[in-house]
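These protein sequences, in sequence, are chains A and B. Counting from 4, one number per residue, gives the positions in the first sequence under my numbering. Counting from 4, one number per residue, gives the positions in the second sequence under my numbering.
These aren't lab readings, by the way, just hints derived from the structure by calculation. A few of these clues could be false.
Examples of chain A residues lying across from chain B (beta carbon under 10 angstroms, computed) [to be verified]: (1) N151; (2) I153; (3) A162; (4) C180; (5) Y240; (6) A246; (7) D252; (8) C253; (9) R277; (10) I283; (11) E285; (12) A286.
From a predicted model like this one, the values you see are computed outputs, not experimental measurements. Yeah, the Cβ is synthetic: ideal placement off N, Cα and C, and Gly gets one too.
Protein chains: 2
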Amino acid sequence: MSVLFGIDIGGTSVKTAFVSSEGEILHRAEMPTRPETGLDDFFARLRALFQQEARSAGIRIQDVTGVGVGVPGFLDDACAVVVEAVNLAWRDVPLRDRLEACLELPAAIENDANLAALGESWVGGGKGRQHLLCVTVGTGIGAGLVLNGIIYRGMNGMAGEIGHLVVQRQGGIRCNCGQTGCLETVASATAIIRQAKERMPERAANIVGASDVFSLAEQGSAEAQAVVAEAADWLGYGLALTATALNPDCIVVGGGVSKARELFLQPVRQAFIRYSLERIHEAPLVPAELGNDAGVVGAARLAQQRLNRG
Amino acid sequence: MSVLFGIDIGGTSVKTAFVSSEGEILHRAEMPTRPETGLDDFFARLRALFQQEARSAGIRIQDVTGVGVGVPGFLDDACAVVVEAVNLAWRDVPLRDRLEACLELPAAIENDANLAALGESWVGGGKGRQHLLCVTVGTGIGAGLVLNGIIYRGMNGMAGEIGHLVVQRQGGIRCNCGQTGCLETVASATAIIRQAKERMPERAANIVGASDVFSLAEQGSAEAQAVVAEAADWLGYGLALTATALNPDCIVVGGGVSKARELFLQPVRQAFIRYSLERIHEAPLVPAELGNDAGVVGAARLAQQRLNRG
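Next up, chain A with everything else stripped away, as it sits in the complex (with noise of 0.2 angstroms):
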């Protein structure tokens, strides 16, 4: 028997999970991040929860084969020391060496977000497919993407930057990367609130998330319907443009915006097809499946796969 031991590193949280080979969550675990307390307690309580939760969940520790880390941040080029991960303080921080110590385990850390398509490609809504473009629409857009069934992370970890596509070549608004036009100010989360609130000011009050907007979409308010079809337009045409490069053979869609469901990726499904070649939008568009199990699922994956490759 081999289980994998998967972590996603959060701001406020650190979700861990006890994972089979086959990708079943055996038994979950979670502790607070508190980056504040430092490296050395951090890694002192996670030593004592991998043991703890282990016992408690009737798996061997010698049956434990390696494990694999999420980290909300960039990494070196090595994917061995976390550069700089904003919302943990951490700069410089040699997070493989440091967990293959901590866990005697052979240990392999990635960006958070790349780890989530990899567990949607092992077990999620992209189970099975070779090539897959794994996106997130909440407060920005992100992409990770799985070619030939591993992680490709490009020159400098940015592939999938498509948050960051500019698609209004002239105009649009000002971005927080410094540019306008992008992908992100037209289709996230944070544009749909921003649009709602402008089209519908005596309702402002109430619009908080997207969901707000949603909501009151499918009240038959005709101001939301057309927020929600002009943002899941520019998504279709950010995803088009994206698949039009790439080829891949599925689109996962996750995220806040995508709890809407059918309301939002249906509109989101007819603009991908209408800006791509037929041998593009081929490539089904489907909801993401593993929700806040992603990470450590890509996590537990990612660990098999460099034990694997020896």
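Take the given structure of chain A and dock chain B to it, following the hints.
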């Protein structure tokens, strides 16, 4: 000593070369394609050429370890059969098996644009790079992708078909593919010629190729300069979109239009920088170096890669 035999099949002529394991062309030879004489004649002539040219170049047949072939058409997923090559009037030709029988060598076949990219990544403009976007700008616009050092085909061989990026979401000219607003309609040689004729109707009779427009621009024609600037801006924009998705570590530009070199590449580079993030446009944008040899050199490299994979 190990020698590879590279073949680049075009509509009118078949280019071949014996290539060293370091990518150096040892000997070139050409024969007419003559698709109308049928496949048996084609392979008989190819076999004769192979044996005769090896002899005249002083290369021992037993030193030739593999053959690679580029075809202008669609291949099946296993890269064994030419599903369709319009210019050769080929349909469902089991090219790989026929070549192995014809030359008594392990054979590998690929789309010709992909092989040009592989050639440039081996010993051309993208030498030493891992993730190459290799664009050809001529009558149309196409690209080959070499990711992690090997050709990336995508779901169905459409990866890199960036001539059909819909860069004009609304309006735009109808493309041969049926879409409107494709990159090809605003940034190809065809687009440059069309725009120049529209802007300079009095010179239309003298504008035959894109090179005529570049000449006029160099001679100081403000209209020609504007046409070149606009096409270059669109191309740089299309490359920025592609690179934002893919994060290549080098972009190689070849084809007829690139012969204008810096007159064209310089404004393309400026637009590429304008429409992409800094970490994306760290990738250099350079001219192709292999010219007409890219296909045979890439074919030789493909043969070598297949042999190494066993």
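Quick rundown of the hints versus the structure:
Annotation: N151 (chain A) was flagged as interfacial toward chain B, and the flag holds, the nearest CB pair being 8 angstroms apart, inside 10 angstroms. At a threshold of 10 angstroms, the smallest CB-CB gap from I153 (chain A) to chain B is about 9 angstroms, leaving the interface hint in force. Hint status for A162 (chain A) relative to chain B: holds, with the closest Cβ pair at about 4 angstroms, below 10 angstroms. Interface hint at C180 (chain A): satisfied, since its Cβ lies 6 angstroms from the closest Cβ of chain B, which is below the 10 angstroms cut-off.
With a least beta-carbon distance of about 6 angstroms to chain B, the hint placing Y240 (chain A) at the interface is held under the 10 angstroms criterion. At its closest, the beta carbon of A246 (chain A) sits 9 angstroms from a beta carbon of chain B; the interface hint therefore holds under the 10 angstroms criterion. The criterion of a C-beta within 10 angstroms of any C-beta in chain B is met by D252 (chain A), whose closest approach is roughly 4 angstroms, and the hint holds. Interface restraint check for C253 (chain A): the shortest CB-CB distance to chain B comes to about 8 angstroms, inside 10 angstroms, so the restraint holds.
Evaluation of the R277 (chain A) hint against chain B yields a held restraint, the C-beta minimum of about 9 angstroms falling below 10 angstroms. Below 10 angstroms, beta-carbon pairs count as interface contacts, and I283 (chain A) has one with chain B at about 6 angstroms; its hint therefore holds. Taking 10 angstroms as the C-beta contact cut-off toward chain B, the hint placing E285 (chain A) at the interface holds, the least distance being around 7 angstroms. The interface hint given for A286 (chain A) holds, since its Cβ lies 6 angstroms from the closest Cβ of chain B, which is under the 10 angstroms cut-off.
In this structure, none of the earlier numbered hints is contradicted; all agree with it.
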